[in-house]
Amino acid sequence: MTPDTPLHGAPAPMTPWTRAQWAAHLAAVDPHGLGGVLVRAWAGPVRDLWLEELTLAAGGAPLAKVPSGVDDQRLLGGLDLTATLTAGRPVLQPGLLAQADGSLLVVVMAERLQSGLAARMAAVLDRGSVAVERDGLSAVHSACTGLVMLDEGQGDEERVPDALSERCGLWIGLDGLSVRDCVAGIDVVLSPLQARHRLRLVAPASAAQVEALCATAAMFGVESPRAALFAVRAARALCASAGRTTISDADIALAAAIVLAPRATCLPPPPQDPDTEEAPPPPPEASSDTDPDSQMQDAPLEDQVLDATRAALPQDLLAALSAGAVRTASPRDVQGAGARLKSLRRGRSIGTRCGRPANGHRLALVESLRAAAPWQALRAREVAAAGREGARIHIRPSDLQVRRHESRTSSTIIFCVDASGSAAFARLAEVKGAVELVLGQAYAARTQVALVAFRGTGAEVLVPPTRSLVRARRLLSGLPGGGPTPLVAGIEAAVALGLAEKTKGNTPLILLLSDGRGNVARDGTPGRAQAAADLKDTAARTARSGVAMVLVDTARWPGQETQALAASMGARYVPLPFADGAAMGALAGSLTADAATARVPA
Amino acid sequence: MKRAILIAATDPKVGGVMVFGDRGTGKSTAVRGLAGLLPPIKVVAGDPYNRDPAELDGRSATATVPVPVVDLPLGATEDRVVGALDIEKALTKGEKAFEPGLLARANRGFLYIDEVNLLEDHLVDLLIDVAASGENIVEREGLSIRHPARFVLIGSGNPEEGDLRPQLLDRFGLSVDVRTPTDLAQRVEVIRRCDAYDHDAAGFVASWKARDKAIARQLTKARKALHSVDVPTAALETMARLCMALGADGLRGELTLMRAARACAALDGAAAVGADQIRSVAAMALRHRLRRDVLDDTGSTARIDRALDEVLGTASQMQASPHLVAAE
Numbered sequence: 001m002t003p004d005t006p007l008h009g010a011p012a013p014m015t016p017w018t019r020a021q022w023a024a025h026l027a028a029v030d031p032h033g034l035g036g037v038l039v040r041a042w043a044g045p046v047r048d049l050w051l052e053e054l055t056l057a058a059g060g061a062p063l064a065k066v067p068s069g070v071d072d073q074r075l076l077g078g079l080d081l082t083a084t085l086t087a088g089r090p091v092l093q094p095g096l097l098a099q100a101d102g103s104l105l106v107v108v109m110a111e112r113l114q115s116g117l118a119a120r121m122a123a124v125l126d127r128g129s130v131a132v133e134r135d136g137l138s139a140v141h142s143a144c145t146g147l148v149m150l151d152e153g154q155g156d157e158e159r160v161p162d163a164l165s166e167r168c169g170l171w172i173g174l175d176g177l178s179v180r181d182c183v184a185g186i187d188v189v190l191s192p193l194q195a196r197h198r199l200r201l202v203a204p205a206s207a208a209q210v211e212a213l214c215a216t217a218a219m220f221g222v223e224s225p226r227a228a229l230f231a232v233r234a235a236r237a238l239c240a241s242a243g244r245t246t247i248s249d250a251d252i253a254l255a256a257a258i259v260l261a262p263r264a265t266c267l268p269p270p271p272q273d274p275d276t277e278e279a280p281p282p283p284p285e286a287s288s289d290t291d292p293d294s295q296m297q298d299a300p301l302e303d304q305v306l307d308a309t310r311a312a313l314p315q316d317l318l319a320a321l322s323a324g325a326v327r328t329a330s331p332r333d334v335q336g337a338g339a340r341l342k343s344l345r346r347g348r349s350i351g352t353r354c355g356r357p358a359n360g361h362r363l364a365l366v367e368s369l370r371a372a373a374p375w376q377a378l379r380a381r382e383v384a385a386a387g388r389e390g391a392r393i394h395i396r397p398s399d400l401q402v403r404r405h406e407s408r409t410s411s412t413i414i415f416c417v418d419a420s421g422s423a424a425f426a427r428l429a430e431v432k433g434a435v436e437l438v439l440g441q442a443y444a445a446r447t448q449v450a451l452v453a454f455r456g457t458g459a460e461v462l463v464p465p466t467r468s469l470v471r472a473r474r475l476l477s478g479l480p481g482g483g484p485t486p487l488v489a490g491i492e493a494a495v496a497l498g499l500a501e502k503t504k505g506n507t508p509l510i511l512l513l514s515d516g517r518g519n520v521a522r523d524g525t526p527g528r529a530q531a532a533a534d535l536k537d538t539a540a541r542t543a544r545s546g547v548a549m550v551l552v553d554t555a556r557w558p559g560q561e562t563q564a565l566a567a568s569m570g571a572r573y574v575p576l577p578f579a580d581g582a583a584m585g586a587l588a589g590s591l592t593a594d595a596a597t598a599r600v601p602a
Numbered sequence: 001m002k003r004a005i006l007i008a009a010t011d012p013k014v015g016g017v018m019v020f021g022d023r024g025t026g027k028s029t030a031v032r033g034l035a036g037l038l039p040p041i042k043v044v045a046g047d048p049y050n051r052d053p054a055e056l057d058g059r060s061a062t063a064t065v066p067v068p069v070v071d072l073p074l075g076a077t078e079d080r081v082v083g084a085l086d087i088e089k090a091l092t093k094g095e096k097a098f099e100p101g102l103l104a105r106a107n108r109g110f111l112y113i114d115e116v117n118l119l120e121d122h123l124v125d126l127l128i129d130v131a132a133s134g135e136n137i138v139e140r141e142g143l144s145i146r147h148p149a150r151f152v153l154i155g156s157g158n159p160e161e162g163d164l165r166p167q168l169l170d171r172f173g174l175s176v177d178v179r180t181p182t183d184l185a186q187r188v189e190v191i192r193r194c195d196a197y198d199h200d201a202a203g204f205v206a207s208w209k210a211r212d213k214a215i216a217r218q219l220t221k222a223r224k225a226l227h228s229v230d231v232p233t234a235a236l237e238t239m240a241r242l243c244m245a246l247g248a249d250g251l252r253g254e255l256t257l258m259r260a261a262r263a264c265a266a267l268d269g270a271a272a273v274g275a276d277q278i279r280s281v282a283a284m285a286l287r288h289r290l291r292r293d294v295l296d297d298t299g300s301t302a303r304i305d306r307a308l309d310e311v312l313g314t315a316s317q318m319q320a321s322p323h324l325v326a327a328e
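Quick note, the sequences are listed as chains A and B, same order.
The numbering used here puts the first residue of the first sequence at 1, with every later residue one more than the last.
The numbering used here puts the first residue of the second sequence at 1, with every later residue one more than the last.
Calculated directly from the structure, the hints in this document are not laboratory data.
Built from N, CA and C at the ideal position, the CB exists for glycine as well.
It is possible that part of the hints are untrue.
[To be verified] These stretches of chain A come out as covered by chain B in the derived footprint (C-beta under 8 Å, 3 or more residues):
1) 88-97
2) 132-146
3) 196-207
4) 449-461
[Claimed, not checked] Quick list of the computed label-pair ranges, beta carbon to beta carbon:
5) 63(A) with 35(B): 31 to 41 Å
6) 153(A) with 269(B): 53 to 63 Å
7) 140(A) with 178(B): 22 to 32 Å
[What the hints assert, rightly or not] If you only want the chain B side, here are some residues facing chain A, beta carbon under 10 Å, derived:
8) 22
9) 63
10) 67
11) 71
12) 75
13) 77
14) 79
15) 88
16) 115
17) 176
18) 177
19) 200
20) 268
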């Protein structure tokens, strides 16, 4: 880069590798201020090459690594037992985050981080220090750390928890690059470490510069204020790297290209282009009062920043955005919610009790030491009196403590909703009403819910088991109706989900809302006869699976046939009352009670 | 959010504040900045519980310290929260001594929990219990200790990460929702201030000192005035009618509303609680207590506004004809 040359005309598109190199450089200049780098790429030579560059930029020493399943003790710090025993007084061992103070920490397989861990890391990124309040110790360690998160996730389902990716300033993607692409270098005057010392000398960005960044962020649908802040910090790091003390407009444009472009969720309306029909409408946050304003001002800096950002949009993102796909700011947050529940389900610790660490019981070391501690002086005297050589610490079998866990089983209500044409015409609205009533009660009882809908040729799990009922409700209310009735597929999807819940230690209850008139066979072909045969088979298997089920008959005229189906599945049969608030409420009550009685003690 | 925290600081009896908000809206930053705003308190020198010298028949030496704002980190273990055997003393001297935990440190101040929904259930239950009783009772490892733990609980969370149990929400006095500013000028200002702070932290703090002091003064005055603020019967009736119209369960809502309105009046320098105060605190005191439609959280503020308009409409009519009220 030649930072003093102002940008004229449309800037050349930024290649992914250039961005990656800038990211490595900037992360090394200001590890904590920029939060680190989010690397979305599979393991491979390109990623290794980039990590090498990053290591070099950060000073050459190998970077510390955090495995994604790290525990609190290792991450945040805790009592160092060996040292404590040797020293005879408590010794605190700093965690990985504190050890990497002033440098970068690599998180491998970051897409598998549980949200509890992610929140701990996020807090450290926010504060620049780790507060240790563990094992009877209390300390604060400085931890001005940046995180390099290696995200190998696929698609939207598997990704770094939002709380962390949001706090990570630099996003790069290396997929689709080959080693041959990784030749071009970037042009900087000072090394990252030299630049780091000059960061404080750089004067704050001017109002116009900050405004240009914020306006660009708004136009690309980047909602979080953190993004613009990272862009300002990146500009400062760029300025320091060039050995200057005043941020130039070129710094701002480049910073926007590096920080803002990968976060774009929509394309800004093309300036004075006749073919605006192709352009997707700006999302509400790029609200109409900001857009015309900024266009009317016609600030050249703003255009520069905008152009630079547009030119830096990653190719795949650009394609998706021009196709009109507007990425939501927080796409289906399945992963975060699910991970959190998993961590809860590991069983909460309900203290310790005396006992030997056997039969799968884990020794509670600190508690054991605690139990032994008060007697040390006494035991030392006893040992001395008996004339034996004493160890420094006297632990008797009676001191040993083991952990106790309480694994909670929670119940999961799986709604299996018939959204086919026959149901839609008759009573889909009423079904939605009934489901909402049950949802309300499930909320109070803290049960999890899942939503399976079937129509057309197959069934779909719309909401995997979650406690976030808001999402279940939103999806339900937007559920379209119509098409044939793949009842078999619906039941099978729900039972499969129910069995999965069972293996996790939860108690599932399937709530099947249908008129029982399936007309699509298991393989998706229409035909009442084959469908009926498949249904018989599925019903028998459902009964054997042992998953509790309630069949709510939604037909206008509840019939014998559906009742027989319920019996063959071992399900409770309930005809859906006609839209009558009290009857619906009673139904919801009895269903929730069902879920409660289905609860089996672990 | 600022107002809610100031109200809770004026009258700790209001109960804690729960802050919901989008990512990156500076929830945590705002709470952590609180210590600098509040007028310092007098404590017994070296007392681990920050007790007021007046409470201890003050013969001991006193010290003036900033109001404690204790941050409860997510990885904290229970023994550090409630306090436990002092492991160092036990190891080195063979003594049984109590080492106070975070609850002791937070006495007479604030306890802040970021991401309440990620904190372990048993810790949350414990905190709520202590916050309500104002006393921490430790019965473990042969220790039996009770010490004062009066603090304002401030929680923050992101609703997208999962819901909070309604029982838990109800224990927070006030609840506020922080949104990302959508106005360009505001966003620019936020970024500029952050940038200025990055550049010269000490200078930035100095330049805002005067405003911080002004808030501290306002707060000191409000605390003094709190006991003399009058809550007229008409205002109480308005609050009761508002709660009935909204179908909020229990009396906690009304109590909180009353206390918050009084604190708000004290902050405003008003002599009595009027319609303005009720209007400004109703949403934060009630929005998390509406049980009827728990799933529809976004709509609850709007519902409160509507109910306010109805109830305050009738109330102002009544005030307009005072002899009518007198006749009743």
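Taking the hints in turn, this is what the structure says about them:
no.: 1; hint: 88-97; verdict: holds (count 3)
no.: 2; hint: 132-146; verdict: holds (count 7)
no.: 3; hint: 196-207; verdict: holds (count 6)
no.: 4; hint: 449-461; verdict: violated (count 0)
no.: 5; hint: 63(A) with 35(B): 31 to 41 Å; verdict: holds, 35 Å
no.: 6; hint: 153(A) with 269(B): 53 to 63 Å; verdict: holds, 55 Å
no.: 7; hint: 140(A) with 178(B): 22 to 32 Å; verdict: holds, 27 Å
no.: 8; hint: 22; verdict: holds, 8 Å
no.: 9; hint: 63; verdict: violated, 20 Å
no.: 10; hint: 67; verdict: violated, 18 Å
no.: 11; hint: 71; verdict: holds, 6 Å
no.: 12; hint: 75; verdict: holds, 4 Å
no.: 13; hint: 77; verdict: holds, 5 Å
no.: 14; hint: 79; verdict: holds, 6 Å
no.: 15; hint: 88; verdict: holds, 5 Å
no.: 16; hint: 115; verdict: holds, 5 Å
no.: 17; hint: 176; verdict: violated, 18 Å
no.: 18; hint: 177; verdict: violated, 14 Å
no.: 19; hint: 200; verdict: holds, 8 Å
no.: 20; hint: 268; verdict: violated, 30 Å
Taken one by one, the earlier hints fail for this structure at numbers 4, 9, 10, 17, 18 and 20, listed in ascending order.
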